[in-house]
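S.K.: So the chains spell out like this:
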Amino acid sequence: MIWVLAAFFLLTVRLFYLQVIEGEELRRLSKNNCIRLQSIDAPRGLCFDRNGVLLVDNRPAFDVNIILRDAVPVAETIDKLSKYIKVPSKELMEKIDRYKGLFSYKPILLKRNIDRNTLAAIEVRKFDLPGVIVDVKPRRYYINKQSASHLLGYLGEINSRQLQSKKYSGYRVGEFVGKVGIEKTYEECLRGKRGGRQVEVNSTGQVRRILKTVGAQPGHNLFLTIDQVLQQKAETLLNGLAGAVVAMEPSTGHVLVMASSPSFDQNAFISGLSHEQWNSLVSNPFRPMENKAVQALYPPASTYKIVTAIAGLEEGIIDENTTFDCLGYHKYGDRVFRCWKRTGHGKVNVVRALAESCDVFFYQVGQKLGVDRLAWYAKACGLGSRTGIDLDHEARGLVPTKAWKRRRLGMSWQGGETLSVSIGQGYNLATPLQMLVLTSAVANGGTMYRPLILKSIKTAEGLLVRKSKSRILGKLPAGKKTMEIVRKGLWQVVNNRRGTAGIVHVDGIDISGKTGTAQVVSRKKNDTANKKPKANFLKPHAWFVGYAPSDAPEIAVAVIVEHGEHGSSTAGPIARDVIKTYLQKERPVTANR
Amino acid sequence: MFDRRLVQYFDWGLLGAAFLLGLIGLIVLYSAVTAGTSNQHNILYLKQIVWFCGGLTVMVVFFLFNYKILDRWGVVIYLICIILLVCVLIFGKYVGGSRRWLAVGPVTIQPSELVKIAVIIILARHYSRYANTNGLTLIDLITPMALTVIPFALIVKQPDLGTAMLVLLLAASMTIFVKIEKRSFAYLMGGATITFPLIWFFLKGYQKQRIMTFLNPDRDPLGAGYHIIQSKIAIGSGMILGKGYLKGTQNILSFLPEQHTDFILSVLAEEWGFTGSLFLLIVYLFLISRGLTIAYKCRDNFGTILCFGITVMIFWQAFINVGMVMGLMPVVGVPLPLISYGGSSVITTMVGIGILMNVSMRRFMME
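Taken in sequence, the protein lines are chains R and S.
Letter by letter, the first sequence follows residues 1 to 593 in my numbering.
Letter by letter, the second sequence follows residues 1 to 367 in my numbering.
Same shape as in the complex, but just chain S (with noise of 0.2 Å):
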């Protein structure tokens, strides 16, 4: 069973990168637990050590068996994903106002993270088996909406508009990738031109709020306006050079919001300046770069859309981090992938990694 080959084709550079990220991660992560005041905040970076050791071993059991299980298992995958979301609605833990968590033993997981794979997975499953040179036509995309649908509300509902979007623009992201017909394409542009008015209907007092002050954040400077402006200073203070490691001034005083999870880009950017932020870019583009270039090579559909599916997860997240930060975007909570405090985060990208990964040694297993 085990083929040489296997080693041979595996993809040093992709988990080089990954590696390389996790480890900007972590000492960012340090500066920016450690600027705080407060002591309790260091078990956070241990905590994050073993989420990445976490994040390995689960990396490495994801490359180990054949992806085609997925595709098997796609259903199953995404039904236990699916309950998962109810129960975090029904026995979730409230921070902040909304339900994302759900403690298992003494760890708690947030399910919608873990979602993200299993929308990839299904979707990947759906379209290897339906997609076609013609493209997809408005009825061929029923079923793939309802499987997007069900998670994003679900997500909505509890809510984290972050993630669900994340989830819609995947799914929209994947089947652009296999192709729409264009006559429905310019359906559905046209539809979704109606209804996100109406979905502004349905959004809660603080989302408006965000939506609002990305579009004028003149128009509270002293609630998520006052955090972009801050988030500015701390990037724009770095210059060139960056004030050095655990240096950020903005950083040690508290004046970041949320500086180890969505704003940690903040934290980098000052201590590191341009030279580190735009490493920390190229890093990105490389893996990404990687995801799409097995995506191409490899050559059954599923393991293409797939792998399509997964980059560009990573993609968005990176993108609309980085965007949210720089105050190019509205402040939406998606972390930055490897870098952001966040186990469920870790081990997600983690598990996709793994599953590139897969499909990267994999691919000379074609008829």
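If we strip away everything but chain R, and leave its shape as in the complex, we get (with noise of 0.2 Å):
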């Protein structure tokens, strides 16, 4: 009983001091209800390349905002204003409505990111427009316009949807966040923690003294691994192809290039795209939304040929020596498979066979192998699996087997498909990405890495977050000698006189790599109603995956061109620059190596 009286004589001596000593002061805060709440918003993180180059940022943009309470009348506030901002007052009449009777003291968005003249304008009539606010707030700037823009995202507005989900818990209504790219992957670093202040304001709701204020945490900063002079390189060699390039480090994972084009603006997603914009790029035949290297799949063509020869060497079918004697066709049953040289290769052995991407001695391998026991060593290459990045929307891409047929297609495999499947045409689906690390595993020895875009995270003030380790997805199927076979292959595929990459050769550069020509069997019908890109539509898509230096590969790189004929013509000597510029690029000695 004691402890009860206690405890009730504690809370009437508070309820006595709340309400008789401080009582007067209380009741005059209350009596005006001059307390307003203002929102500092955090700025967002910023992303750098590898060696600290900015590559985007954030710019003060102003906001017009209103405070219904302050703003009596509203009606010839909002008239006033609307000469200003120029929107009509019906617009700011609507956008008034959705918030009328709910929170009369906070402040309603009425327009964001006027321009100076404006700013200026409603500022000199500050006192003409009651409870009008204009509100300095960080906005996102991309820096290289339509550089790495499928990487590194947008923003946009938070939508209904997200707004109620669990992971976007304390998020508010008309707030920004990622939308795609390393924007969302990494939206919880990159937010920050928004402050505020209260403050004590005037009957025209001007701030008379600030109360309380509690600073904006800003969001971390991205490292990536991206290296923005290569990608822009890569960017301008692609320019007016449909394609991608991607490149990193066989050693650690670390993307350094990831261009996919055409690209778009994403400074255009911040101000909000008009319904044209958006159509134009939503109906472009050459998908300016689609992420390349990740997101769009292509049948790997001839630079599948360094998984077949892995599983007939590994599998025993046939060794360094092994020869087939390509005439130019090979006959299976009824059917006759060609040669990409109708006049034949001749005797052949693999490492010829890689360099000269002979058709006829690959058949032959994948007619002995079988498609499942093929597909058993493409999938421990990485096909078919997500390599794991960082990014959304990865495609998983596609490795046939007599099962998976006879599931998704309820027909029983025909020989004959196995041998188009073992030069990585028929159903065989990859992506760019999973082609480079397969590349890089060949590259670096047998050991897959999962593709890393992040370096590191910094604070706003430089400390170190979180580094990012180096994952490995795997080991190729591959013993040593089989490796040696096929990194000699590889080589003289640009270093041979008769390799088919020999525009690739740089002098001073010792480069391998591996070409290919994607057949585009059928196109899908609709596409025939662009007139223009129609001849185009059904051109070979060029594919090249490579190396270099051979011997301590620094950087490999996967290219694929879109309708751009053959390996060699197109991707080879975008691949080759890429190379070339990275590797004779002045560059700071990392101690690691």
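If you're looking for bench data, these hints aren't it; they were derived computationally from the structure.
A few of these clues could be false.
[Said to hold, decoys possible] Calculated cross-link-like contacts (lysine-lysine; reagent style DSBU-like; alpha-carbon spacing at most 35 Å):
{"#": "1", "chain 1": "R", "residue 1": "455", "chain 2": "S", "residue 2": "208"}
{"#": "2", "chain 1": "S", "residue 1": "208", "chain 2": "R", "residue 2": "469"}
{"#": "3", "chain 1": "R", "residue 1": "193", "chain 2": "S", "residue 2": "47"}
{"#": "4", "chain 1": "S", "residue 1": "93", "chain 2": "R", "residue 2": "179"}
{"#": "5", "chain 1": "R", "residue 1": "580", "chain 2": "R", "residue 2": "475"}
{"#": "6", "chain 1": "S", "residue 1": "247", "chain 2": "R", "residue 2": "458"}
{"#": "7", "chain 1": "S", "residue 1": "47", "chain 2": "R", "residue 2": "106"}
{"#": "8", "chain 1": "R", "residue 1": "167", "chain 2": "S", "residue 2": "208"}
{"#": "9", "chain 1": "S", "residue 1": "179", "chain 2": "R", "residue 2": "137"}
{"#": "10", "chain 1": "R", "residue 1": "212", "chain 2": "S", "residue 2": "208"}
{"#": "11", "chain 1": "S", "residue 1": "208", "chain 2": "R", "residue 2": "467"}
{"#": "12", "chain 1": "R", "residue 1": "167", "chain 2": "S", "residue 2": "247"}
{"#": "13", "chain 1": "S", "residue 1": "247", "chain 2": "R", "residue 2": "106"}
{"#": "14", "chain 1": "R", "residue 1": "212", "chain 2": "S", "residue 2": "247"}
{"#": "15", "chain 1": "R", "residue 1": "166", "chain 2": "S", "residue 2": "247"}
{"#": "16", "chain 1": "R", "residue 1": "106", "chain 2": "S", "residue 2": "93"}
{"#": "17", "chain 1": "S", "residue 1": "157", "chain 2": "R", "residue 2": "111"}
{"#": "18", "chain 1": "R", "residue 1": "166", "chain 2": "S", "residue 2": "47"}
{"#": "19", "chain 1": "R", "residue 1": "95", "chain 2": "S", "residue 2": "157"}
{"#": "20", "chain 1": "R", "residue 1": "137", "chain 2": "R", "residue 2": "111"}
{"#": "21", "chain 1": "S", "residue 1": "157", "chain 2": "R", "residue 2": "179"}
{"#": "22", "chain 1": "R", "residue 1": "184", "chain 2": "S", "residue 2": "208"}
{"#": "23", "chain 1": "S", "residue 1": "208", "chain 2": "R", "residue 2": "179"}
{"#": "24", "chain 1": "R", "residue 1": "467", "chain 2": "S", "residue 2": "157"}
{"#": "25", "chain 1": "R", "residue 1": "106", "chain 2": "S", "residue 2": "208"}
{"#": "26", "chain 1": "S", "residue 1": "157", "chain 2": "R", "residue 2": "184"}
{"#": "27", "chain 1": "S", "residue 1": "93", "chain 2": "R", "residue 2": "167"}
{"#": "28", "chain 1": "R", "residue 1": "193", "chain 2": "S", "residue 2": "157"}
{"#": "29", "chain 1": "S", "residue 1": "93", "chain 2": "R", "residue 2": "95"}
{"#": "30", "chain 1": "R", "residue 1": "166", "chain 2": "S", "residue 2": "93"}
{"#": "31", "chain 1": "R", "residue 1": "184", "chain 2": "S", "residue 2": "47"}
{"#": "32", "chain 1": "S", "residue 1": "157", "chain 2": "R", "residue 2": "166"}
{"#": "33", "chain 1": "R", "residue 1": "126", "chain 2": "S", "residue 2": "247"}
Two chains, two frames, some hints: make the complex.
M.R.: Below, the structure written as structure tokens:
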């Protein structure tokens, strides 16, 4: 009982203190209802490339808000305001009506990002516009227009579904969130923490005194693995083409370049796209919104011969010296499968077959392996499963098997299809990134790394929050001897007189690689609506995967050019120039090499 | 069977106090829900009347039978409540990120409220058998601890930190009431000081936030801190006589958060001033003192501990809620007994008061 009395005594004292001693002051505060909340937005974290070059910045922008309680008479104020910000007053009233009666003391956003002249006009007439508040807010700015747009992504206003989901608890209506790319994946790191202040305002809503302030905590800065110089080089090379370039460090999995063409301007998304702008992006037959490096699927074509070679060597179907005679075609049952070289390659072993991309050689290897054994190797090489890169909507690709065909198409496997598959045609599908992971594993001696796009996260003050660690996805299913043979073949692709990619050869840099020409058998019928690119849509896609320097690779590259015809003529030179730029650049010596 | 002395010993004071609180609650609730902007809240007011009548009925039921039955059925009641808690976690409705409600036909119940009574009964049953004059040792405490921790953990999982802490406080108060051996008590206090920092790691972000906000309201002047400040303004601006019924500006302008549930006292204090608030505190004090008197006068251990538990439950809720709205305690969701809107809370409190009356009426029946 004593305790209870003591407790109630305490409550009474507090009550007395609040209502009697502080009562006068608190009554005054409540009478004017003059306390307003102003939120201070946290500056979003910035993005830098691997060398600390700024890629994404925040710039100040001015937003016009209104606080209804202070804007009396509302209709008159809105009328005046609508002249300055050039928005019909009807539209403004509609915005206000949505909030009417709910929070009369909270600011309602009327227009974002007004220009300096409008700002000046409003500021000068401040006393004529009660309750109108201009807010300075950090606004996202992508420094290099159209560059790495798919990778970096963009922001957009949070939608109602996100607002209700658990992941986005604590977000408010009208707030910007990452919609695509890095901006989305690392939303949590980039976001920071909103601050705010309590202010006492006078009858026209102007701040009279600040009661309390809590500073906003800026979001963390991201340091990407991208090399901006190289990225822009790749984008220049892709200019006017549809396709993708991805490159990575074979020893770590750090992605150096991720370019997808055509691209789009991210800054346009921040100001809000018009209907026409959006429609033209979506209806563009070259799919500018798609990150072709991770979302687009292509038949890997002759680059897949790396897999067939590994499978053949490891299964003992061929060895270094096994030769097949290429007459320019291969008969299977009553069908004839042609080699790309109609006159034939003559007697070829596996190294020459890789170097000259002899189809007949691999038809025979594939035929002896059977599709399921080949598929096992393809899967072990990382095909048919996502690499796990920190980006949304990564495509999985496809490694066909007998069981798959029966399940998906309800038909049994035809022996001839195995032949198509063994040269990377048929049902095979892969993303450029998957082919890159495979190539860089060949380059480094057999280790497949998960592609990394984030190097480290630092606070705004520069303190390290997290450093990414390389993660191994698996090992190529190939012994030392096999790797040696495959690497020899890839070296000869570029460096042998008869190799398919002599054009890639550069004096002073030792490049290895593999070309590919992916047949475009059946394009979607509705594409014919576009008259101009029609003829182009029947041309095959051009592939090139490669790495350099051959004996101690520092960079691996995968290039795809849609309808680029031959791997050697379009994709190869792009890969060559990317490698050249990277290796000939003055770079600080990294200690851990 | 029916004894005239049952009527003679009937605690009219207790009934009066409960009735008065319910009436005050309805009056204030009317102001709180009609002051808001939308009309749908008016349904809440009618609903609360229904709940209050239901509560009275339940109260009558609970003083009609002999409370000894509770001793006999204690385990069953406890188990049913635990099962309900498990059901909440499986079938419960998600409201604002936590699962606390269970839909049973047209009504939704909050089993975590009912479980408070169940814990009181089971602990009273246990202590009435095992308590002794030397005090309980650590080993004696294992069973009651388990009985408390199970519902506690289930409620934390919902998560409803306020109610969970209340269950813990209840159990702790009852245990101290039946006396703990000195050395064991020292060990427990020592253990508690070590485990509290550990609990911190298991709290959810918003829960940590609230505690931090309480310790330093300036940390978050926009979120919970803002609520506290607005609540303080509401209470303080009532001054001595209040602004008058239905005239609370803080209330009308929706400055108060949860003005019909957890923050209902702010509405009362704003409109009725220090006078009204003090009156409310006095009614609570009267109710609690009646409860404690009944506990002391009861001649069997079960009844004493049971009544103490119920009284202490009402006390803690009132104390925490009033302390919270005045900024003396962190914002945890504990309703003000019989005043705040909420059916399960009203029913639970009425059940408690029914039991108190029950014990009070039958104290002559001891041999």
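S.K.: Check whether the Cα positions of residue 467/R and residue 157/S lie no farther apart than 35 Å.
M.R.: Since the Cα atoms of residue 467/R and residue 157/S sit roughly 34 Å apart, the hinted pair holds (cutoff 35 Å).
S.K.: Would the hint linking residue 93/S and residue 179/R be met if the CA-CA limit is 35 Å?
M.R.: 30 Å, holds
S.K.: Within 35 Å, alpha carbon to alpha carbon, are residue 193/R and residue 157/S?
M.R.: Holds. Residue 193/R to residue 157/S sits at ~27 Å (cutoff 35 Å).
S.K.: Given the hinted pair residue 208/S and residue 467/R, is their Cα-Cα distance within 35 Å?
M.R.: 27 Å, holds
S.K.: Does the alpha-carbon distance linking residue 166/R and residue 93/S stay inside the 35 Å limit?
M.R.: 15 Å, holds
S.K.: Has the given pair, residue 166/R with residue 47/S, been kept, meaning a C-alpha gap of at most 35 Å?
M.R.: At roughly 30 Å apart (the allowed maximum being 35 Å), residue 47/S and residue 166/R satisfy the hint.
S.K.: Would you check the hint for residue 157/S and residue 111/R, treating anything up to 35 Å between C-alpha atoms as holding?
M.R.: Answer violated: residue 157/S to residue 111/R is near 43 Å, above 35 Å.
S.K.: Check the hint pairing residue 455/R with residue 208/S against an upper bound of 35 Å on the C-alpha distance.
M.R.: 31 Å, holds
S.K.: Taking only the CA atoms, is the gap from residue 157/S to residue 184/R under or equal to 35 Å?
M.R.: 30 Å, holds
S.K.: Hint check: residue 167/R vs residue 247/S, CA-CA at most 35 Å. Holds or violated?
M.R.: Between residue 167/R and residue 247/S the Cα gap is close to 40 Å, so the pair fails against 35 Å, i.e. violated.
S.K.: Below or equal to 35 Å on CA atoms is what counts here, so check residue 106/R against residue 93/S.
M.R.: Since the Cα atoms of residue 106/R and residue 93/S sit roughly 31 Å apart, the hinted pair holds (cutoff 35 Å).
S.K.: Quick one, are residue 95/R and residue 157/S close enough, alpha carbons at most 35 Å?
M.R.: Cα-Cα ~40 Å, so violated.
The structure does not agree with the numbered hints 3, 6, 9, 12, 15, 17, 19 and 31 stated previously, though it agrees with the rest.
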